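Quick mapping for you: the protein sequence lines, in order, are chains A and B.
Throughout, my numbering is defined as the position within the first sequence, counted from one, plus 4.
Throughout, my numbering is defined as the position within the second sequence, counted from one, plus 4.
Some hints could be false.
Note: identical chains are not told apart, hence a pair may lie in one copy or across any two.
As the list claims (entries may be wrong) - In the DSS-like style, the derived pairs of lysine-lysine whose C-alpha atoms are separated by at most 25 angstroms in a straight line are:
1. 214 with 64
2. 231 with 116
3. 236 with 113
4. 117 with 236
5. 236 with 62
6. 116 with 236
7. 231 with 117
8. 184 with 64
9. 317 with 350
10. 6 with 350
11. 64 with 236
12. 260 with 350
13. 260 with 184
14. 184 with 350
15. 170 with 214
16. 231 with 170
In case anyone wonders, no lab produced these hints; they're calculated from the structure.
None of the values given here were measured: they were computed from a predicted structure.
Protein chains: 2
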Amino acid sequence: MKREEVFNFSAGPSVLPQEALERAAEEILNYNGSGMSVMEMSHRSAFFQEIFDSTKAKLKAALNVPDTHEILFLQGGASAQFSMVPLNLMEGGTADYAVTGNFSNIACKEAKKYGTVHIAASSQDDNFSYIPAQDQLDLAPEAKYFYYCSNNTIYGTAWPYVPETKAPLVCDMSSEILSKPVDVSRYGLILAGAQKNMAPAGVTVVIIDKSLAGREVPYTPLMMSYKTMIEKDSMYNTPPCWCIYMLGLTLDWLEKQGGVTGMEAIKHEKAAVIYDIIDNSRLYKPCARPDSRSDMNVTFRTGDADLDAAFAKEAQARGLMNLKGHRSVGGLRASLYNAQPMEGVKALAAFMKEFEVKHHV
Amino acid sequence: MKREEVFNFSAGPSVLPQEALERAAEEILNYNGSGMSVMEMSHRSAFFQEIFDSTKAKLKAALNVPDTHEILFLQGGASAQFSMVPLNLMEGGTADYAVTGNFSNIACKEAKKYGTVHIAASSQDDNFSYIPAQDQLDLAPEAKYFYYCSNNTIYGTAWPYVPETKAPLVCDMSSEILSKPVDVSRYGLILAGAQKNMAPAGVTVVIIDKSLAGREVPYTPLMMSYKTMIEKDSMYNTPPCWCIYMLGLTLDWLEKQGGVTGMEAIKHEKAAVIYDIIDNSRLYKPCARPDSRSDMNVTFRTGDADLDAAFAKEAQARGLMNLKGHRSVGGLRASLYNAQPMEGVKALAAFMKEFEVKHHV
Chain A
5 MKREEVFNFS
15 AGPSVLPQEA
25 LERAAEEILN
35 YNGSGMSVME
45 MSHRSAFFQE
55 IFDSTKAKLK
65 AALNVPDTHE
75 ILFLQGGASA
85 QFSMVPLNLM
95 EGGTADYAVT
105 GNFSNIACKE
115 AKKYGTVHIA
125 ASSQDDNFSY
135 IPAQDQLDLA
145 PEAKYFYYCS
155 NNTIYGTAWP
165 YVPETKAPLV
175 CDMSSEILSK
185 PVDVSRYGLI
195 LAGAQKNMAP
205 AGVTVVIIDK
215 SLAGREVPYT
225 PLMMSYKTMI
235 EKDSMYNTPP
245 CWCIYMLGLT
255 LDWLEKQGGV
265 TGMEAIKHEK
275 AAVIYDIIDN
285 SRLYKPCARP
295 DSRSDMNVTF
305 RTGDADLDAA
315 FAKEAQARGL
325 MNLKGHRSVG
335 GLRASLYNAQ
345 PMEGVKALAA
355 FMKEFEVKHH
365 V
Chain B
5 MKREEVFNFS
15 AGPSVLPQEA
25 LERAAEEILN
35 YNGSGMSVME
45 MSHRSAFFQE
55 IFDSTKAKLK
65 AALNVPDTHE
75 ILFLQGGASA
85 QFSMVPLNLM
95 EGGTADYAVT
105 GNFSNIACKE
115 AKKYGTVHIA
125 ASSQDDNFSY
135 IPAQDQLDLA
145 PEAKYFYYCS
155 NNTIYGTAWP
165 YVPETKAPLV
175 CDMSSEILSK
185 PVDVSRYGLI
195 LAGAQKNMAP
205 AGVTVVIIDK
215 SLAGREVPYT
225 PLMMSYKTMI
235 EKDSMYNTPP
245 CWCIYMLGLT
255 LDWLEKQGGV
265 TGMEAIKHEK
275 AAVIYDIIDN
285 SRLYKPCARP
295 DSRSDMNVTF
305 RTGDADLDAA
315 FAKEAQARGL
325 MNLKGHRSVG
335 GLRASLYNAQ
345 PMEGVKALAA
355 FMKEFEVKHH
365 V
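Please put together the full structure from these sequences, using the hints given.
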C-alpha cells in the first residue's frame, strides 16, 4: 500500500508525524552538512551534542519542566523502570501501588523484589474497566512513593485526575505523555517509553525530581542509578542516539501544532468521534467505564470474537491498520495518539458505521 | 560537507555501510508496501516479526552460532551487561576478570557488587598497552566464568588468542564482532554493543549458551534476566526495532562482502597500512605493543598534545573525521571497522605522510 492509503492505529510502536519522518528521510545520509548519518555519529561529537541538548530543551519547554527536575533519556522501556523505580526510591521500605491494568500490575509485582508493596487501589475486580476515585485510595502513611499508570493502553482507561498523596507521585505516562499539559512539579518521577507519542522504540524518557536521586540500594546495576544518569546527563555510555534525534523531530512538529495545549484541544474531539459511534451503536460495546475512558486508546468489542476478527481484517483491507485488541484481552482497539490525524479518525468512523450496517440488522 | 567527501574514523557510534543507509533511506517512509515506517510498526506485527526473525537468522548464519546458543537483542549497551553478567552467572560466588582496559575495568568493578572478583590478569602496570599471555593468566579454580574484553577500543589492543579456561568464557566483543570468524561454541556468553560493527547505538547483541541461563539472583531486575529474554525471544517488551532493522541491513551488506571471512581477509590489510606508517615514522609513536595490536582501533600519538590536536583538526578539514583519541588517554585513534573502506584508510595514510613532512624535519 502507499503511505497515504494507510492509517495506523497501533498501540505502540505507533504512527509518527509525517513531517518528522520526511525530515529524517531527507537527512538520513547526511545530517546538517556533517557528511554523516546521525546513526554514525560519535555521541561525544559537537553535532550530536547539539541534537541531544536541543531535544532536551524542546522537551523541557513542551512540558514546562521546572529546574527542580531533570530529564533523562534511558534505555530498556518502561519495563526497565519497573525495577529502577523501587531500586532507587523504595529504600527497602514500603511503596503504594495503584493497580489499574497490565503494566501497573507488572510494576507492582517487580517492586515486591525490593520492598513492601501496599496495594493502594485496584480495579481488577471489574477487569480493569475503571479507575478508582480519590476517596477509594488506601494510602500507606509510610509509603516512599505512590505509583500509578495514568493511561492503561490495553484496557483503554485513563486517570481523570491526579492523585492527592503525601508521598511523591511516580507515574507511568507512556501512552499519554505530550497529549496534554501536566504540572510536572506535582510529580516525583514521570516515566514514559517513547514509542507511543514521542519517537521510535528504544528510548525511555524519565523526568525526576532531583532531590529523590541518590537513594539506590547498593546492588543497583550501574545503568539503573538515577543519580549516575543525572550526573552523566544520560550519557554514562552511548545513548540511543537515533531515537533521541527522532524525538527532537517529533517535538518540532508538536510545537507547530500548538504544543501540548494544541494536542489537548483535539485529543478529546478525536476520541469523541469514536466513542459517539460506540455509544449509539447496537453492535459495538465499550470496554471502559465512561468516567474512566482514555482519549488515547479507545477499546470496544462486538461481543463476538469472530466478528471482532472480521472487523480488524476488513478494516486492514481498507488501510485502517492494527485495530485488533491486545492479545491478552481480545476485542478491538483504536489508538489515537498525537500523530493520528482527524482524517484517520473519520476514516475509521466511516468504516465502523458501514460495518455495523453490514453486520447488524 | 558532502557524504562522499567524508571518511568517519569514529570509535563508536561508527560509520555504517553506505548500502545499508541507502536502503534505509529508500524504505524509511514505507517499508515493503506496508504503508508504514519500520519506526511506526507494532513489534507484534507480521511485518516486524519477519524483520526480527530474518535479522536473527542472518546473524546466526554470519557467526555460525550453534543451536546450543541463543541470540538476544537487548538494550542498555555493554554497560548494562556489566551488571547482567554477574547477576545471572556469578551465583554470589567467584568470577575471573581479565582487566585489559577501561571497559573490562568497569565490568570488574561492577561484578564486585554481586560476588567475589578474582583478577585473573591485568595490564594496568603498563597503561593497558598489551594483552597478558595465556601462561600469565591466574585462574581461580572455583570461578563461575572468565570475563574479558577481546578488543580494547580506547587502548587499541586486541587479544591475539582465545583464553583456555575451565570456566565458561564471557567476552565483550563490542568493537570487533563480525570482523572475523569466531568459534561461538567456545564461549559461554558473547556480548556486543551494536554501534561499532553492526548497527546504530541502541541494541546490544548477546549470544548465550542456553545451559547458563536461569541462575540469576532473586533481586535481578525483570529486564536483566537472560532466562526471561530467552523465553520471550528478546520481546518481553518492545525491542529497539529500528536498530534491529538496521542490523539486518548491515548483515545483508556483510554477506555480499564474503561475511566474516571476507572481513578478516581485509581487516589486517587495512590496519597494516596505518601501522606501517607509524612503524616507519619519526613523528608517530604507537600506543599498543606490537604483539597486542588491534586491527579495529589503531592508536598512536606524536608525543606532543598540541601537535596531536593539530593533526585531528587538519585531518577534519580534509574530511577525515573523529581521529582524536579517547578523552581519557588523549593522542590519536583511527577506528577501522568493517564499514571503513580501504579508500578511507588510504586517504588517512596519505594525510599522515603529508602531516609528517610538514611537521617533522
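Violated hints - listed by number, lowest first: Every hint satisfied by this model.
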